[in-house]
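As given, the protein sequences belong to chains R and C, one line each in that order. All residue numbers for the first sequence refer to the numbering used here, where the first residue is 1 and numbers rise by one. All residue numbers for the second sequence refer to the numbering used here, where the first residue is 1 and numbers rise by one.
Some hints could be false.
Restricting the straight-line Cα-Cα distance to at most 35 Å, the calculated cross-link-like pairs of lysine-lysine (DSBU-like) are [said to hold, decoys possible]: (1) LYS288/R to LYS81/C; (2) LYS241/R to LYS67/R; (3) LYS241/R to LYS288/R; (4) LYS81/C to LYS256/C; (5) LYS241/R to LYS267/R; (6) LYS81/R to LYS67/R; (7) LYS236/C to LYS158/C; (8) LYS236/C to LYS288/R; (9) LYS256/C to LYS67/R; (10) LYS288/R to LYS81/R; (11) LYS288/R to LYS166/C; (12) LYS256/C to LYS236/C; (13) LYS288/R to LYS256/C; (14) LYS256/C to LYS267/R; (15) LYS315/C to LYS267/R; (16) LYS236/C to LYS267/R; (17) LYS288/R to LYS267/R; (18) LYS81/R to LYS208/R; (19) LYS166/C to LYS236/C.
None of these hints come from the bench; they were simulated from the model.
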Amino acid sequence: MTISRRSLLKGAGLTGGASLLLGPSRVASAFTAPAAPDAYGVLVDLSVCEGCHACEEACNEQNGLPKPEAPFDAEAPLGVKRRPGGSTFTVVSTYPDPAHRGEVVNVKTQCMHCLEPTCASACPVGAFTRTPEGAVVYDETICMGCRYCVAACPFGVPHYEFESAFSPRVQKCVLCLSRIREDGLVPACVDACPAEATTFGKRADLIKLARRKLLDPDEGYVDHIYGEREAGGTSWLYISKVPFEALGFPMNLEMQPYINLTKGAVKAVPLVLVLGPAFLMGMNALAKRIEEGEPAPVPVAAHHDAKNGGSGHGR
Amino acid sequence: MVANVGRLRRHLTPFNIIAGLILAVGLVLTVLRFGFGLGAVTNLDDANPWGLWIGFDILCGVALAAGGFTIATTVHIFRVKRFEAIVRPAVLTGFLGYLFVTVGLLFDLGRPWRVVNPIIGHVGPSSVMFEVGWCVFLYLLVLFLEFSPAALEWLGWKRVRGWAVKLTIVLSVAGMVLSTLHQSSLGSLFLLTPGRLHPLWYSPYVPVFFFVSAIAAGLAMVIFEGWLTHRFFPDKIAHDAASRAHFDSLTLGLGKAAAVVLFAYFGVKVLGVAGDNHWALLASPWGMWFLVELIGFVALPCALFTWGYRNQSVKAVRIAAVLTVLGIVLNRLNVSVIAFGWSAADPYVPSWMEIGTSIAIVTTGVVIFRWIVQRMPILTPHPDYPRH
Chain R
1 MTISRRSLLK
11 GAGLTGGASL
21 LLGPSRVASA
31 FTAPAAPDAY
41 GVLVDLSVCE
51 GCHACEEACN
61 EQNGLPKPEA
71 PFDAEAPLGV
81 KRRPGGSTFT
91 VVSTYPDPAH
101 RGEVVNVKTQ
111 CMHCLEPTCA
121 SACPVGAFTR
131 TPEGAVVYDE
141 TICMGCRYCV
151 AACPFGVPHY
161 EFESAFSPRV
171 QKCVLCLSRI
181 REDGLVPACV
191 DACPAEATTF
201 GKRADLIKLA
211 RRKLLDPDEG
221 YVDHIYGERE
231 AGGTSWLYIS
241 KVPFEALGFP
251 MNLEMQPYIN
261 LTKGAVKAVP
271 LVLVLGPAFL
281 MGMNALAKRI
291 EEGEPAPVPV
301 AAHHDAKNGG
311 SGHGR
Chain C
1 MVANVGRLRR
11 HLTPFNIIAG
21 LILAVGLVLT
31 VLRFGFGLGA
41 VTNLDDANPW
51 GLWIGFDILC
61 GVALAAGGFT
71 IATTVHIFRV
81 KRFEAIVRPA
91 VLTGFLGYLF
101 VTVGLLFDLG
111 RPWRVVNPII
121 GHVGPSSVMF
131 EVGWCVFLYL
141 LVLFLEFSPA
151 ALEWLGWKRV
161 RGWAVKLTIV
171 LSVAGMVLST
181 LHQSSLGSLF
191 LLTPGRLHPL
201 WYSPYVPVFF
211 FVSAIAAGLA
221 MVIFEGWLTH
231 RFFPDKIAHD
241 AASRAHFDSL
251 TLGLGKAAAV
261 VLFAYFGVKV
271 LGVAGDNHWA
281 LLASPWGMWF
291 LVELIGFVAL
301 PCALFTWGYR
311 NQSVKAVRIA
321 AVLTVLGIVL
331 NRLNVSVIAF
341 GWSAADPYVP
351 SWMEIGTSIA
361 IVTTGVVIFR
371 WIVQRMPILT
381 PHPDYPRH
């Protein structure tokens, strides 16, 4: 089983329905350049998710996390956005369907694995890295705990272990990188999904798959692949038949990598470092000269004009 | 025995008793913080990862310590020598300010023993905070060296003092450059959070807001602190009419500068609203709160500084300085905590233990300031090294 899945991954870069639909394909360029061509992603079809929370349990076990207080199959409070935390790196929130009374939509949330992660742009020690597989991973051995990543993440994902006195960590989904990289498996939550609401594969292929679904007018999908452009693009992509704004998705995001917002400020630093001292020393020399009452030297041009009886003006 | 009792009684001043109580509580809170973690003493959570310690201890601390570079630049680089007498108190305030900003940072960091990581090769070169870390670290060294002549005069180490004094210009230039960078970069931190910080406070100009307001804060703090030191250290200052008149003229001069800087700050803040066309938001409750800050704590002190300078009213300038300081505190708390969490479901309110820790850190700074001022040549020159 393991071997066949690995070969499937290698051959088509897709699993399940995606590979059947699209087959092996060359990679179309994603929205932003830095996506490594072979980077993976997951497409979530919100109209398929049944809200069984099996993904939460699989995530909890895969990552060896403490058991949560409420059992996994407990119903999520309606209309409340749940935040990933220390006992699961993925959570499913349940929202009422605004168009169909009594029906609900279940929304799985986890780290979006941005193509240009805001957490990585924020981190002063470089504790976050994006791997060629597309996973955004965190190195707890250098983190000093400033929590800028938690404050900056536009999706509100990272969890900080405030309760730990001596070894608090930032915790979040790592796309089950070791399963992908070493075992050739799909992420545990994808594997566990009985409804096949999640499709793992090359991100570029997933976007094509999503487009194909959106094109079918009978299906009634909202014309939006959430994650294609949000924050410059994310590895996790969502399609839905209910508008995303009704489902707790942040809708006020930049459609560019967040690092673009600080690039100007960061690039100004070396300029100030180099030009600042020169400017200040110049001002100091000028102030000294004024203080000493030294007459300003006559400009060369004026000197020249005076000698020639001002004839220079005529030219 | 009798002598000891007498000495004890002399130390039991209201100041010492209150400071002692605060520090005792602070000590307990310190043990709780480092023994049991951030969660045990703070109300921070994932939705509100930054609280009072970032907003007040660090952001306000750095802004209010800006008097050091402002006055050092004025006197040593622009050679406005009449302000020379206030360089040392301003530099001391700056040095202690940054020292206790660092202490506040150690309380706030999850793993404070790794505070040196950005300095020792763990690099996040695209991170604004990486740059802030480096600048604050270097500027703390600069302030230590700028302050050192006073300590060396007190110790009587003439030769070392001579070397330290030779560094004055270099240190002033370094101080100005490093301060330009990190004062503005503390604002740049929030460039990354457009979805979280309320749009009236979020602006591409936020680094400029932080830098310009820091200069106003620094000037206001120097005025405020000069007032306090003249009240509380009467034996450390000259009382003749000429000295008093000179001190008043310095206060008025600083007030004039503060008026200009606040006017410019008001201007860029309005530009920020105009640039993003956020005028309509001013009519919302958050808009009212924004106007309280902008009118009550920027425009009003600006007008009061101007009025005070024109009418030679030292009192008006001092009131304006207090308003300015409060306004900067309000601004930094808005940007990092209040308006930052405007959309949070559960708004953050600091725990009493967070507030107590902040008060204890400030109190420690005041106690050390007092200890130094009473011993070292800060408010008046050392007789062996008269100013020219």
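(message) Please verify whether LYS256/C and LYS267/R have alpha carbons no more than 35 Å apart.
(response) holds, 34 Å
(request) Verify the proposed pairing of LYS81/R with LYS67/R, using a straight-line Cα cut of 35 Å. (result) Holds: LYS81/R and LYS67/R sit about 20 Å apart, inside 35 Å.
(message) Next pair to validate is LYS256/C with LYS236/C; report whether the Cα-Cα distance is within 35 Å.
(response) holds, 26 Å
(request) Would you check the hint for LYS81/C and LYS256/C, treating anything up to 35 Å between C-alpha atoms as holding? (result) Holds. LYS81/C to LYS256/C sits at ~16 Å (cutoff 35 Å).
(message) For LYS288/R and LYS166/C, compute the direct alpha-carbon distance and say whether it is at most 35 Å.
(response) Status holds; Cα separation ~17 Å.
(message) Given the hinted pair LYS236/C and LYS158/C, is their Cα-Cα distance within 35 Å?
(response) holds, 22 Å
(request) Given the hint that LYS241/R pairs with LYS288/R, test it: the Cα-Cα distance must not exceed 35 Å. (result) violated, 72 Å
(message) Just to be careful, I want the Cα atoms of LYS288/R and LYS267/R compared with a cutoff of 35 Å; is the pair within it?
(response) holds, 32 Å
(message) For a C-alpha distance cap of 35 Å, please report whether LYS241/R and LYS67/R respect it.
(response) holds, 33 Å
(request) Assess, step by step, whether the Cα of LYS288/R is no farther than 35 Å from the Cα of LYS81/R, and give holds or violated. (result) violated, 64 Å
(request) Verify the proposed pairing of LYS288/R with LYS256/C, using a straight-line Cα cut of 35 Å. (result) Answer holds: LYS288/R to LYS256/C is near 23 Å, not above 35 Å.
(message) Against the 35 Å threshold, does the CA-CA distance of LYS288/R and LYS81/C hold or violate the hint?
(response) holds, 11 Å
Hints 3, 5, 9, 10, 15 and 16 from the earlier list are contradicted by this structure; the remaining hints agree with it.
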